[in-house]
Each structure stands twice: as C-alpha cells, then as structure tokens.
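Going letter by letter, the sequence shown gives residues -27 to -1, 1 to 112 in mature numbering (1 follows the signal peptide of the UniProt record, and there is no 0).
Calculated from the structure, these hints are not laboratory results.
We treat Cβ as the ideally placed atom computed from N, Cα and C, and that holds for glycine.
A couple of the hints might just be wrong.
Unchecked claim - Computed Cβ-Cβ distance ranges for the label pairs, DEER-style: (1) Asp38 x Ser97: 15 to 25 Å; (2) Ala37 x Pro15: 14 to 24 Å; (3) Ser56 x Arg25: 13 to 23 Å.
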Amino acid sequence: MRTPRPFTALAALFLTAAFLTVPVTQAGADTTAAVGSATVVPLQVTGDPAKRFNLIIMGDGYTADEQSTFAADADHHLNVLWSIEPYKSYRNYFNVYRVDIVSGESGVGCDSDLAAGRKSTPLSMGFWGGCNASSDSSP
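Modelling step: build the complete structure from the supplied sequences, incorporating the hints.
Structural data, given as structure tokens:
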C-alpha cells in the first residue's frame, strides 16, 4: 500500500511555477503595470529556499486595478490553508510568495459558466471543460 504524501499536490504547483516564462520584477521596483508583467511579493520567508517548501501563489484574470483584490484573495486562502493539517503544523517549513500578474481582462475563461467563453489572460486559465457545456462530469 502506498503512503499518501500531503505535499505531492504542492510539488506540482512548484514545478509549474518554475517553468513559467513571464517577465518578473521584485516587489518595490519602479515599473509600469503592463499587461503580462509580473511582480514577486514575498509573503512569508522562513529560511533558505533550498531547505524549504516554496509555495507560489499565482492569480490570473486580475487587471492592474484588481491587484489589491488578488492580494486580499491570496491572504484569505492562505489563512485557510494554515488552519488545516498538515499545513498548520508545518507552516514554518514554508516560504510563500505571491506573483502579481497583470491581466488585460478581468476573470478567466468560462467564468462564471461554461457558456461565458474564453478570455485572453497571461496564464490562459479557465474553468473545467474548456468552455464546453457538454463537458459536465456529473452522471
């Protein structure tokens, strides 16, 4: 029997974030919020990234004017994560970074339903089914 690994899902997120190729600046840099630009914001740094789990929070579909909403959404969901195990006990083993990515359109593909259509966003995110109403997975 295989032992469950609670951090396997996070590893996939880390690998995805590592391979993204968006222009990135450090927080506090003097830049114009151009569509597709990204800024890395450290939220919690507990040690050397080589010796920690590095959680990267990325949002797609937040315009320049909505970046404060993304920051609030990220903080809310991060606090939920810290309230459940094993994250509650292992919180101090995580470095957490938020990547603020400016989108030209608000929302993501198929938001808020599958008939809503695709949107042009830097990460090309969307809801299940690729905007195909017949992709409902319920029986």
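Against the structure, the hints come out as follows:
| no. | hint | verdict |
| --- | --- | --- |
| 1 | Asp38 x Ser97: 15 to 25 Å | 21 Å, holds |
| 2 | Ala37 x Pro15: 14 to 24 Å | 21 Å, holds |
| 3 | Ser56 x Arg25: 13 to 23 Å | 20 Å, holds |
Of the numbered hints stated above, none is contradicted by the structure.
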